[in-house]
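Number of protein chains: 2
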Amino acid sequence: MRDKILELLKSNESYLSGEDISRRMDVSRTAIWKHIQALKQEGYDIESHPRLGYRLRQIPDRLLPEEIRPRLNTVKIGRGGIHYFSEVASTNNEAKKLAAAGCAEGTIVLAEAQNGGRGRLSRGWFSPFARGIWLSVVLRPPFSPQEAPKCTMMAAVAVNRAIRRVAGIESGIKWPNDILCGGKKLVGILTEMSAEMDAINHIVIGIGMNVNIAPEDFPPDLAPIATSLAAEAGKPVSRLELLAAVLAELDKIYQHATAYGFGEVLQRWRQESVTLGQEVTVLGVSKQFSGLAVDIDEDGALLVKTPDGIEKVLAGDVSIRPKQ
Amino acid sequence: MRDKILELLKSNESYLSGEDISRRMDVSRTAIWKHIQALKQEGYDIESHPRLGYRLRQIPDRLLPEEIRPRLNTVKIGRGGIHYFSEVASTNNEAKKLAAAGCAEGTIVLAEAQNGGRGRLSRGWFSPFARGIWLSVVLRPPFSPQEAPKCTMMAAVAVNRAIRRVAGIESGIKWPNDILCGGKKLVGILTEMSAEMDAINHIVIGIGMNVNIAPEDFPPDLAPIATSLAAEAGKPVSRLELLAAVLAELDKIYQHATAYGFGEVLQRWRQESVTLGQEVTVLGVSKQFSGLAVDIDEDGALLVKTPDGIEKVLAGDVSIRPKQ
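First to last, the sequence lines map onto chains A and B. Quick note: the first sequence uses the numbering used here, first residue 509, plus one each step. Quick note: the second sequence uses the numbering used here, first residue 509, plus one each step.
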């Protein structure tokens, strides 16, 4: 009933009288009124005019599954189930639990806010309510565990293309897992896996996107290094539209990688990288060195040219030194 | 109270009268009698003589935490907690749950029987009640995910040494994760990990050891390819003693690998391998080939010499062709 009323309102740009709705749905006007009140509670902006009736002005700025489903343009991603939280500790943690319990591939987890959002290596991730996309995707890829880092790269090229398409800004990929704009972080990707030594049980790709966060709303320690799509585009960005684009791009490239391997991913990654061609400093667990980031190899490792030769970087942090 | 009575019985090889125990513990003879009955229920073989009193003939053939603890000769392994099940689906699954919930490193999970025991690649693992050691160990190593396969090798050398020491049989390691005797499987190792791309969250090493399984008790499909320590040694093997040796060996080599790297592990693995020097057939996901297993490299990959050159084998099954 509620869904039908919502559909009716969505399909009409002008007013619909309560009498009209009541006749079409064959229920009392009081019942209609009650459902309209409930929809308003959920955040739907519905105008009630004493003579003209009801009009849907705006859907809520929420990533509600019922708003996502009609926008899904995917084969797998989002088709395994959409788990939505108003607030949760970490979407990756929820996704890992679902995956361990056997959920379908393509299951996604979304939250309006995370109170324990995580970045790489147990760092925190700032995840304010309804201002970003805090998303985790469960995959069960046929790849070997050694190929898992390329799933992060796959997610990066998908997200980067979605951002360019929806927000029209010049973003780029920093090795291995961030998307930057003007040197500041727009998106972080945290890939986690459960694996045997020769097979992946599941992969959870966590994607944290700063969408409509005002620069002054970042905590002081993040403000100099973080930015948002809205800040860069100079206007708010529809989270629903952006999410749909991310899921569609990820779906497409994942299907491609599964069928044909990671050649396309690595090629696109190279083209959209802001790391290659830069002087970088590599901060590893045990050592630190600087050099020119010249390429990535077929495993996704960063190749850094130093006076001693080419260093292959698989793990560890890479800080990009600004050009003089 | 129960523990004190048990300790008293253990420290006396001859009979202890109920009166004697009752006086030492300052409780009634009826209370003593009740505790003795409970201990018998648990499987402790206690002789009751009308005049002489009680005598502990044998502790139960169970891997009870209270029997394991006094035998622990380790720094880490087993110190994080011992979780004991009479029967469970899979000790690895329990260990993974505990690890995800944040249990301490060195936590171990044991079951007398598994009804959903798993081998590699979702194969089953025959785990009859009280006839094997079905063990999982939780580690939180500082290694990168790329080094995880070497943890399997580390477990293999630890288990192999424990077997040789306790059962005195000539066992050897088959790449990457089995221990064989006379070409038949004694032990399987299933290592699983939860990892980010550049850090391991935790590793669970599952070790399934066929200890006191009679050859005729293996299912028909396993009988030709599986054996047990008792079958090879020609006598029953104490599971408690063997378990203590496995934990001690694993503890020692893990500490060494953490401090100095995997050099020692790989060296011992080479010495105890039954794969190196053999003609092997490699059954991969996409291809199959044969050649001579000549060595392992520093990543633990098997190097196979074929007419086309050296093939490096990371994942996939290796079947060892018997010599002509």
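It is possible that part of the hints are untrue.
Identical chains blur together in the list; that is why a pair holds if it fits in one copy or across any two.
[Claimed, not checked] Here are the simulated DSSO-like cross-link-like pairs (lysine-lysine), alpha carbons at most 30 Å apart as the crow flies: (1) Lys-692 <-> Lys-512; (2) Lys-820 <-> Lys-795; (3) Lys-542 <-> Lys-795; (4) Lys-584 <-> Lys-795; (5) Lys-795 <-> Lys-760; (6) Lys-542 <-> Lys-693; (7) Lys-512 <-> Lys-542; (8) Lys-693 <-> Lys-820; (9) Lys-605 <-> Lys-542; (10) Lys-584 <-> Lys-693; (11) Lys-820 <-> Lys-512; (12) Lys-542 <-> Lys-813; (13) Lys-795 <-> Lys-693; (14) Lys-584 <-> Lys-605; (15) Lys-548 <-> Lys-743; (16) Lys-692 <-> Lys-795; (17) Lys-760 <-> Lys-548; (18) Lys-584 <-> Lys-813; (19) Lys-692 <-> Lys-548; (20) Lys-605 <-> Lys-512; (21) Lys-693 <-> Lys-518; (22) Lys-548 <-> Lys-584; (23) Lys-813 <-> Lys-692.
These aren't lab readings, by the way, just hints derived from the structure by calculation.
Hints, verified against the model:
1. Lys-692 <-> Lys-512: neither (44 Å within a copy, 65 Å between copies)
2. Lys-820 <-> Lys-795: both (13 Å within a copy, 28 Å between copies)
3. Lys-542 <-> Lys-795: neither (65 Å within a copy, 64 Å between copies)
4. Lys-584 <-> Lys-795: So Lys-584 and Lys-795 pass the 30 Å test across copies only (28 Å; inside, 41 Å).
5. Lys-795 <-> Lys-760: between (38 Å within a copy, 27 Å between copies)
6. Lys-542 <-> Lys-693: Classified as neither: same-chain Cα gap 44 Å, cross-chain 69 Å, threshold 30 Å.
7. Lys-512 <-> Lys-542: within (14 Å within a copy, 69 Å between copies)
8. Lys-693 <-> Lys-820: Intra 24 Å, inter 39 Å, cutoff 30 Å: intra-copy only.
9. Lys-605 <-> Lys-542: Neither: 37 Å inside a chain and 45 Å across chains, both beyond 30 Å.
10. Lys-584 <-> Lys-693: within (28 Å within a copy, 40 Å between copies)
11. Lys-820 <-> Lys-512: Neither way: Lys-820 and Lys-512 sit 57 Å apart in one copy and 60 Å across, limit 30 Å.
12. Lys-542 <-> Lys-813: neither (67 Å within a copy, 76 Å between copies)
13. Lys-795 <-> Lys-693: For Lys-795 and Lys-693, only the intra-copy Cα distance (25 Å) is at most 30 Å; the inter-copy one is 42 Å.
14. Lys-584 <-> Lys-605: both (19 Å within a copy, 27 Å between copies)
15. Lys-548 <-> Lys-743: Close inside one copy (26 Å), not across copies (76 Å); limit 30 Å.
16. Lys-692 <-> Lys-795: within (25 Å within a copy, 45 Å between copies)
17. Lys-760 <-> Lys-548: Close neither inside one copy (36 Å) nor across copies (64 Å); limit 30 Å.
18. Lys-584 <-> Lys-813: neither (40 Å within a copy, 41 Å between copies)
19. Lys-692 <-> Lys-548: neither (37 Å within a copy, 69 Å between copies)
20. Lys-605 <-> Lys-512: neither (34 Å within a copy, 42 Å between copies)
21. Lys-693 <-> Lys-518: neither (36 Å within a copy, 65 Å between copies)
22. Lys-548 <-> Lys-584: neither (32 Å within a copy, 57 Å between copies)
23. Lys-813 <-> Lys-692: Classified as within; 25 Å inside a copy, 49 Å across copies.
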